[in-house]
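Q: Sequence:
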Amino acid sequence: MTLTEHWDIRLLKLPLSIFGGVLVIAAIVLTLAFGHLDRLNADHERMKAVVDSDQAEITLREDSLRIGRAVIADFSRSYPALLAVDRLRWIEELPRQAHRLGLPALTYSLGASAPFESFNALHGGSFAVLASPVVIDAGLVHEGQWVEYVERLQQAGLGLFSVDACKLSLDDQTTAFLPGVKNLDVHCRLSWYQIVTQEALAEFAGGVQ
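In terms of our numbering, the sequence shown opens at residue 9 and continues consecutively.
These are calculated hints, taken from the structure and not from any lab test. Predicted model, so just to flag it, every value in this text is computed and none were measured. Any given hint might turn out to be false.
[Unchecked claim] Restraint-style ranges between C-beta atoms, simulated for each label pair:
| hint | residue 1 | residue 2 | range |
| --- | --- | --- | --- |
| 1 | Asp179 | Ala122 | 31 to 37 angstroms |
| 2 | Gly152 | Glu211 | 23 to 29 angstroms |
| 3 | Val155 | Gly188 | 48 to 54 angstroms |
| 4 | Asp179 | Ile203 | 33 to 39 angstroms |
| 5 | Ile203 | Asp180 | 17 to 23 angstroms |
| 6 | His150 | Glu207 | 44 to 50 angstroms |
| 7 | Phe127 | Asp179 | 34 to 40 angstroms |
| 8 | Ser126 | Ser177 | 29 to 35 angstroms |
| 9 | Tyr116 | Gly165 | 29 to 35 angstroms |
| 10 | Thr115 | Ala164 | 18 to 24 angstroms |
| 11 | Asp172 | Glu101 | 17 to 23 angstroms |
| 12 | Gly110 | Ala210 | 43 to 49 angstroms |
Just so you know, even glycine gets a beta-carbon here, dropped at the ideal spot from N, CA and C.
Kindly produce the complete structure, drawing on both the sequences and the hints.
A: Next up, the structure:
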């Protein structure tokens, strides 16, 4: 090998090294680029999933509103009959649950319905509330019977009601708590509520006048 040929080979090493470095840098750049594309694709899929979820929720809300309007329209047409049936079922449920629970005594009264003005004025909207005063006098074997009685009325699902005030006292004849007999008296005032549309409330008010 001549001296000239030897130096020519050494001169080739520098371009080859540069070319190799360029290849390494290119590989790194491509790796970073593909990683960035993967992240972009993942972000795109997440955004698409969010959009699809929002669209599904919007569709569900629209369906719910459409169904709700149909129910309200049907309710408004049949309101007078529903009012009478609901009150009758509520009155029937009071002695039924007392008998099932074994209350020694029960008397009750359900007053006339009237708009629940404090609630209606505060909330307004498409719906309103009618309230009926309820008075219950019951004989109890023990105080826990009254709590269970109220829970059973709630579970019957015949309307919303609240217990406004109660007075619990010993029976006049009680000298000792005995099983199966009236040991306590409870006097309670309740309110029974019915949710109606504003149109139905206007019809009700017109009928009362």
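Q: Would you mind marking each hint as holding or not holding in the structure?
A: Against the structure, the hints come out as follows:
In this structure the hint that aspartate 179 and alanine 122 lie 31 to 37 angstroms apart at CB holds, the actual value being about 34 angstroms. For glycine 152 and glutamate 211, the hinted distance range of 23 to 29 angstroms is not satisfied, since their beta carbons lie about 43 angstroms from each other. At about 19 angstroms, the beta-carbon gap between valine 155 and glycine 188 misses the expected band of 48 to 54 angstroms. Taking the beta carbon of each, aspartate 179 and isoleucine 203 are about 38 angstroms apart, inside 33 to 39 angstroms as hinted.
The given range of 17 to 23 angstroms is broken by isoleucine 203 and aspartate 180, whose C-beta atoms sit roughly 41 angstroms from each other. A hinted range of 44 to 50 angstroms holds for the C-beta pair histidine 150 and glutamate 207, which are about 47 angstroms apart. Checked against the hint of 34 to 40 angstroms, the C-beta distance between phenylalanine 127 and aspartate 179 comes to roughly 37 angstroms, which is consistent with it. A hinted range of 29 to 35 angstroms holds for the C-beta pair serine 126 and serine 177, which are about 30 angstroms apart.
Our hint of 29 to 35 angstroms for tyrosine 116 and glycine 165 is violated, since their Cβ atoms are close to 19 angstroms apart. In this structure the supplied range 18 to 24 angstroms holds for threonine 115 paired with alanine 164, their Cβ-Cβ distance being about 19 angstroms. For the pair aspartate 172 and glutamate 101, the supplied restraint of 17 to 23 angstroms holds, since their beta-carbon distance comes to about 19 angstroms. At roughly 44 angstroms, the beta-carbon separation of glycine 110 and alanine 210 lies within the given 43 to 49 angstroms, and the hint holds.
Violation of the numbered hints given earlier is confined to hints 2, 3, 5, 9; the remaining hints are satisfied by the structure.
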